[in-house]
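**Q** What follows is the residue order along each chain.
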Amino acid sequence: MSEAVSALDGASHEGFVRVEDMGLRAMITLRGDLASATLRKAVKAAAGVDLPEARGIEVAGDRAVAWMSPDELLILGAYDAAQELRDKLEKDISGEHALVADVSDARALLRVSGGVGAREVIAKLCPVDMAPEAFGPGQFRRTRMAQIPAAIWMPDAQSVQVVCFRSVAEYAFNLLRNAAAPGSEAGLFI
Amino acid sequence: MSTRLANGGRLLNKARTLEFTFNGKRFKGVEGDTLASALLANDQMLVGRSFKYHRPRGIVSSGAEEPNALVGLGEDARFEPNQRVTTTELFDGLTCASQNHWPSLEFDIGAINAKLSRFLPAGFYYKTFMFPRPFWKHVYEPIIRQSAGLGRAPRDRDQDSYEHFYAFFDVVVIGGGVAGLQAAKAAGDAGAKVLLMEQTPHWGGRAPVDGGTVDGQPVDKFVDGIVSVLETMENVTLRRRMMGAGVYDHGYLLGYERVNDHRPDASGPRHRLWRIRAGQIVTATGAIERPICFSGNDVPGVMLASAVRDYAVDYGVSIGDRTVVVTNNDDAYRTAITLKKLGLEIPAIVDTRASGGGALAGEAIELGIRVENGKGIARVKGKKRVEAVEICVQAGEGAALEEIRCDAVAMSGGWSPIVHLWSHCGGKLLWDEEKAMFRPDVDNAPTGADGQGFVRCAGAAEGHLDLADVLNGADAAGKAAAQATGHTPKRSKVPVADNPKEAGIEPVWLMPQGAGVKLRMKAWLDYQNDVKVSDVQLAAREGFESVEHAKRYTTLGMATDQGKLSNINGLAILSDALGQPIPQTGTTTFRPPYTPISLASIAGEARNETFQPLRKTPMHRWHAENGAYWEPVGAWRRPYCFPKPGESIEDAVQREVKATRDSLGLLDASTLGKIIVKGPDAGRFLDMLYTNMMSTLKPGRCRYGLMCNENGFLMDDGVVARLDEETFLCHTTTGGAESIHAHMEEWLQTEWWDWKVYTANVTEQFAQVAVVGPKARKVLEKLTDDDISAEALSFMGWTDVTFGTIRARVFRISFSGELSYEIAVRASHGRAFWDMILKAGAEFDVTPYGTEALHIMRAEKGFIMIGDETDGTVIPQDLGLDWAISKKKDDYLGKRAQERRHMSDPTRWKLVGLETLDGATLPDGAYATAQGNNANGQRNVQGRVTSTYHSPTLGRGIAMGLVLNGPDRMGEVLEFPKVDGTVMRAKIVEPVFYDKDGEKQNV
Chain X
0 MSEAVSALDG ASHEGFVRVE DMGLRAMITL RGDLASATLR KAVKAAAGVD
50 LPEARGIEVA GDRAVAWMSP DELLILGAYD AAQELRDKLE KDISGEHALV
100 ADVSDARALL RVSGGVGARE VIAKLCPVDM APEAFGPGQF RRTRMAQIPA
150 AIWMPDAQSV QVVCFRSVAE YAFNLLRNAA APGSEAGLFI
Chain D
0 MSTRLANGGR LLNKARTLEF TFNGKRFKGV EGDTLASALL ANDQMLVGRS
50 FKYHRPRGIV SSGAEEPNAL VGLGEDARFE PNQRVTTTEL FDGLTCASQN
100 HWPSLEFDIG AINAKLSRFL PAGFYYKTFM FPRPFWKHVY EPIIRQSAGL
150 GRAPRDRDQD SYEHFYAFFD VVVIGGGVAG LQAAKAAGDA GAKVLLMEQT
200 PHWGGRAPVD GGTVDGQPVD KFVDGIVSVL ETMENVTLRR RMMGAGVYDH
250 GYLLGYERVN DHRPDASGPR HRLWRIRAGQ IVTATGAIER PICFSGNDVP
300 GVMLASAVRD YAVDYGVSIG DRTVVVTNND DAYRTAITLK KLGLEIPAIV
350 DTRASGGGAL AGEAIELGIR VENGKGIARV KGKKRVEAVE ICVQAGEGAA
400 LEEIRCDAVA MSGGWSPIVH LWSHCGGKLL WDEEKAMFRP DVDNAPTGAD
450 GQGFVRCAGA AEGHLDLADV LNGADAAGKA AAQATGHTPK RSKVPVADNP
500 KEAGIEPVWL MPQGAGVKLR MKAWLDYQND VKVSDVQLAA REGFESVEHA
550 KRYTTLGMAT DQGKLSNING LAILSDALGQ PIPQTGTTTF RPPYTPISLA
600 SIAGEARNET FQPLRKTPMH RWHAENGAYW EPVGAWRRPY CFPKPGESIE
650 DAVQREVKAT RDSLGLLDAS TLGKIIVKGP DAGRFLDMLY TNMMSTLKPG
700 RCRYGLMCNE NGFLMDDGVV ARLDEETFLC HTTTGGAESI HAHMEEWLQT
750 EWWDWKVYTA NVTEQFAQVA VVGPKARKVL EKLTDDDISA EALSFMGWTD
800 VTFGTIRARV FRISFSGELS YEIAVRASHG RAFWDMILKA GAEFDVTPYG
850 TEALHIMRAE KGFIMIGDET DGTVIPQDLG LDWAISKKKD DYLGKRAQER
900 RHMSDPTRWK LVGLETLDGA TLPDGAYATA QGNNANGQRN VQGRVTSTYH
950 SPTLGRGIAM GLVLNGPDRM GEVLEFPKVD GTVMRAKIVE PVFYDKDGEK
1000 QNV
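Residue numbers (numbering that gives the first Met the number 0), protein chains in the order written: chain X, 0 to 189; chain D, 0 to 1002.
Okay, chain X solo, but in the shape it has when bound (with noise of 0.2 Å):
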């Protein structure tokens, strides 16, 4: 697995905020009846968490299970244990009319950290209310952020996790490093 590497490589830069790869994750798409008993058994046998709420998200440790559309969730996990977690769910779900596929390189993950200025960045970007109390740990979000389809959500206060595409990977991290530039804090948040 030496070989695998994030498209942008380890990259980080410190504005008012830091932002940084934050490097290759598990990331499995799983469509079906959110519904069913044996879906929801699956993905808590193999994410150890519940199904999240609509736009939520529910983490435990490096698993998480997001809720992407009334019929797709992303689990994420370990990069390396991604081929696991695919088969595991295939396995499991195996019967029911769903789609289990590894989508783990088709991503780049991006953190914005170091404080409630990492709202603000999001903010100058993505049409979604940054605000303290509309948003917070525990919600996920698939929006747009400037010109590329993109999801957020807050592994805690103080920092915003965004996945995107792998292709745009130095265009999104141009944007949030833009978006925190020393001085350019709109200090609505902050």
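Worth flagging that the hints you see were computed from the coordinates, not collected in a lab.
The structure presented is a predicted model; accordingly, all values stated were derived computationally and were not measured.
Worth double-checking, as some hints may not be accurate.
Claimed, not checked - No farther apart than 27 Å at their CA atoms in a straight line, the calculated lysine-lysine pairs in the DSS-like style are these:
#, chain 1, residue 1, chain 2, residue 2
1, D, LYS755, X, LYS87
2, D, LYS755, X, LYS90
3, X, LYS40, X, LYS90
4, D, LYS697, X, LYS87
5, D, LYS755, X, LYS40
6, D, LYS777, D, LYS755
7, X, LYS43, X, LYS87
8, X, LYS90, D, LYS886
9, D, LYS888, D, LYS755
10, X, LYS43, D, LYS755
Dock chain D against chain X, hints included.
**A** Showing chain D alone in chain X's frame:
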């Protein structure tokens, strides 16, 4: 002359001097000045020339409505034209220059237009430059372009940064005057999440200048108090230097924040465009004072009465020693009283109302000011500066009763509420006869999704001119907005205001009322665009009765100020000329933005490296390091070819094709779309999407397929691999990955919602490398122990293979006609795999190739390319692809359409190969001519070239084209005229030029 007074200037910090230059001249101002107040303090009254007649123009207002005083601000990478000096905060080192004059501001040749003004009436351009027609392009247009326009476009790239910010509030209050502050307080007290924005750097609006008391204390103390309360409220956000630029559907609102205009050396963005969703919007945007139309009302030194007062109180600047005040309402008396108390002369207040004014008039008379009731100004004397005014009877025709020497005129024609933001999204207006103003019709607000109004007005913007009314209305608006967003307003008392009782306004649209044509021709309505009373009257006579038509014909209310001063006066004159009441004429449409906002703020982050997302494959860096000549494909950058040092593009392409055909080539095919389609109904679904049969495909096998839209036109093609009984992997074109996935989801979600199919776009999960050429198998066999022999992995088969530690899926498919494998590995391993093949292939002279070599090799094989052979009007049958259209299926998308008469017409142009007689290469897109001309006198055509290349394999030009009855005309020679007038001749041949039997790919 205008000058700085010894006293006054409540916004100034006189301890700090700032230097700036205007037209190269060095001036001094002080901290707190606007550029306008600083220029006036230096007696620089003349700041520009008008648009059409190049008349000398001075500062006329003190705010956003300024039509005249526009300058080019800054230099080089910070130059910006058409900046209003009235809204530009002075900073140390500011440089600016006046516009629209040549050779200099003081002496301007264009002013000759003014001498010709009799010959430049409304609609002059439309009337004059019609004939002869060819003159337009070569004579009229260059001259008009030379003389037209305000500021110059910047030449250098803007060095500043700009950004957007998305924010969400229950209530947004626009305008930080007394009304806005009170509305924000009322809404905030109810618990709503409130944003209050003010376009200037100061809270309080006009109130601190205009005076009055609130709860027994001076109004400026009230402002200080309420601001400090608001600052402590956690649910209230206060922003200054932020303008409400536009109101749109569903409470969408643009706030334009000028973050660093006043401190250009600070870090951070220059402008921030706030993209706000508001539950309720309260516009507390105030009102704009109207000028009065009298002869010479554009001479520098004639100013709005409120502006004269602002400059005196806020900036300690007097416009002149002797100021004549002319008014039709009580408010202008405040100016006279203010100036008088500052020790300046008021030779007379000219009040058009025969009955005179109210309490303020009494105060003025007590101060010893001469008040002339029922009078007006017949004309202003002076050219670059007011020298005197002639007083006349307002009811008369302008016979001078008396000449009064003065160096400034303060005029007030009444106040117009700023209804722009109310109107942007459909709020209606009422004409208030008593107040002589259009004000918001509160029963016809802009409505949201629930059918309820989402915009409210407060203060002067609502039509209130009395301080007590302002506070009461604003409090109610704030509470109502809070309530509408689910909050419970507190039962708080409204602050009690006390203000002198004012007498009513008497509308004056022309001064004097019976002004003759000579006076009317110098009575300006629109300063910026040089529209006079006589122009609007002419437009009415010529039949431009709609206010929108009259606007465009006369240019009244166009350009940067959009008629903020001129609109109401103009439509009143138009109404009078048409003999109809003002409300019947109505207003022109109010469109966002309220005042011009920078284009860069709209672009936001979309500039330089983040102008557009550039998609990069996992091997992108290798390509860049190895001299790739790039081609944009969708948002991707793909190598077109890899020229070696000193090698031309053409030579590189030819070399890449040859090396691949002779030995081994390598293509980065990662951009191809890859969509997983899974479910019990997946086969049935793909049978509907593709023209051919996919459900019969066996696991482990691949099939080429065509996809049409419901109109029958070919939209995408690619190889489908069946992964298992329920799962297919559909390859799409590079450009089709997202659109085909969306196409699939649309059919699944809207038409076949009950089919059990899921899709997933896994395009970016894989790096895909095409290993192509006679040595392809040899190089792969070096890297794996898995069996990839011709028997184990036959043509159009796929299998999983491990190369070293890298797991891969190998598809034995060919778009080149050679022995070829497309190998998909996880994207994170893409670069490692690419390097591995390069190393292993060294002994075979492995040659990475780009998109052009790919194109040539597919053309040599007669394979079509979506976007070359197709253009959205081509069906598979046109391309001889009938073999890929299933006859067994009842239906597929496009089937019915392809049966329509036009689609089954035998005379549709069909695909053939084209071989030039002399071996040269046909130009792309060239037409084959036929006999005769069409109805438009153009040469008839019978075909066109869709792809054309020089084939290094065949050593000659090859082409494909669509030709009338083409497949039946093998061997016929067609003529293709070139743009240089010569003609190329090409023979119709089969489209497959190379290895017709497919022996090479099938080894």
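**Q** When the structure is checked against the list of hints, which entries are broken? Sort them ascending.
**A** 6, 8
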